[in-house]
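Protein chains in written order, with our numbering: chain A, 1 to 135; chain B, 1 to 135; chain C, 1 to 135; chain D, 1 to 135.
Hints were generated in silico from the structure; no laboratory data involved.
Mimicking PhoX-like on lysine-lysine, the simulated pairs with C-alpha atoms at most 25 angstroms apart in a straight line are:
#1 K63/D x K49/A
#2 K80/C x K63/B
#3 K95/B x K3/B
Pulled from the structure, derived: some chain B residues nowhere near chain D, Cβ distances all over 12 angstroms:
#4 S85
#5 E98
#6 D105
Note that CB positions come from ideal geometry on N, CA and C, so glycine has one too.
There are 4 protein chains.
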Amino acid sequence: MNKSTTEIKIRGYHLDAYQHVNNARYLELLEEARWCHYEDYPPAYFQEKGWGFIIVNININFKGSAVLGDTLVIHSELVKIGNTSLTIHQEAFIKGSERKSIEADITFVMMDLRTQKLLPIEGELKSLLTRTAKV
Amino acid sequence: MNKSTTEIKIRGYHLDAYQHVNNARYLELLEEARWCHYEDYPPAYFQEKGWGFIIVNININFKGSAVLGDTLVIHSELVKIGNTSLTIHQEAFIKGSERKSIEADITFVMMDLRTQKLLPIEGELKSLLTRTAKV
Amino acid sequence: MNKSTTEIKIRGYHLDAYQHVNNARYLELLEEARWCHYEDYPPAYFQEKGWGFIIVNININFKGSAVLGDTLVIHSELVKIGNTSLTIHQEAFIKGSERKSIEADITFVMMDLRTQKLLPIEGELKSLLTRTAKV
Amino acid sequence: MNKSTTEIKIRGYHLDAYQHVNNARYLELLEEARWCHYEDYPPAYFQEKGWGFIIVNININFKGSAVLGDTLVIHSELVKIGNTSLTIHQEAFIKGSERKSIEADITFVMMDLRTQKLLPIEGELKSLLTRTAKV
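Looking at chain A on its own, in the form it has when it is part of the complex (with noise of 0.2 angstroms):
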């Protein structure tokens, strides 16, 4: 439940002067993999409630670049709840091979935006980051 897949296609403005996709269009591959991985809940939900999800953290192992016409399979799972953060872990493949492309660990805290103020991770806001509710 806590898993999810998304693939996304390498485009030509997606790669750098090295001719493989940039290291930090990578970040923007994985937070397009996010949105997806919480799809069911809408943009206008969280913004009703006020929720916004603040990075902390962002560790990520390049192991293989991905070029022009590959096809990257992103895993995104929830691997970590604390009292206040949680840590979601992707991986990402280069599609049809076994080869890894990136690894990383995102670490995020619930921040309520009108108030700035960290929101404790609990109740229907825990239900909905764990994906055990439905909106």
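Once you have looked at the hints, place chains B, C and D on chain A.
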């Protein structure tokens, strides 16, 4: 007074699969030059007023692509003021050569971001946009 | 046959300070739609031939900004073929409404990337670009 | 000698839906600072040698987000040299305050882009990377 010049060095992350500056990235570089053009007026000033720059048309000719190691010299000039719209003409050259890289006309309106209504280009707003007045 | 439709969901990273899709980002979304338009022809095919798409003009009207949670429906159509240049017309609508977000004409030439010479739009190249032939 | 400082003004296009600098954009700003760090060595020099910087790990802490109108002061320092890998430590502060925005360790290897083999960090290459030699 309505002319300004901005220099931007081309880096590896500006390039795409063709090893030249990507078309979308050019628009970011032109936006950077426009922020520089109105540098005298801090964002906070516009935010307090609730004034926003809303682009309605971009017409851009790509004459010759910039590559890694080039420096773009971007000239920006307010060339047209209507009742509610303005046009900034921008040209970028490869530094140290006579080669023109792009030329573009950016037409925009000013909007009151709180009411989402167009602002007439007059008085203080006009003075600011034509840079004949200082904050 | 020369028409295609691509849907793209608007995410947090597509937005800018005005909370709508940034003008430069729109060009990336249009580029994504053009990659989809020619999806039948894998990048490797063009790379082997040494054929590159080089944009010479973009003329884009911004009619209404897409915001977080919107899905853009982008229609792409090859509307003009000259001896050496082509024009793709693209329009994007906010899904589920009649609202047009942008409309753009993208004019490009085909270049032999090895010789940096323009390619005449004829024969196999023309068939591919008009999508009347399959690889 | 191995330290450098780069200032970057935060513009509207750097922000995302939360009105702060997007996590992926931070990596571009850090990459910009690393290009500045090695500014003495023109890209052409590395291109002739066929030497490429390939990132293997990024570990980045987000301490406080930069917003529109902020200027980031980015300090870059080569802090570790191994046989085949190096680590640059980067910290960014909000100019005019004591607030730290991010801190990151960027670990990379040097690759011979023609043979795709790792380069030992020694001799001329080591002198360049530690900036103890001039081209």
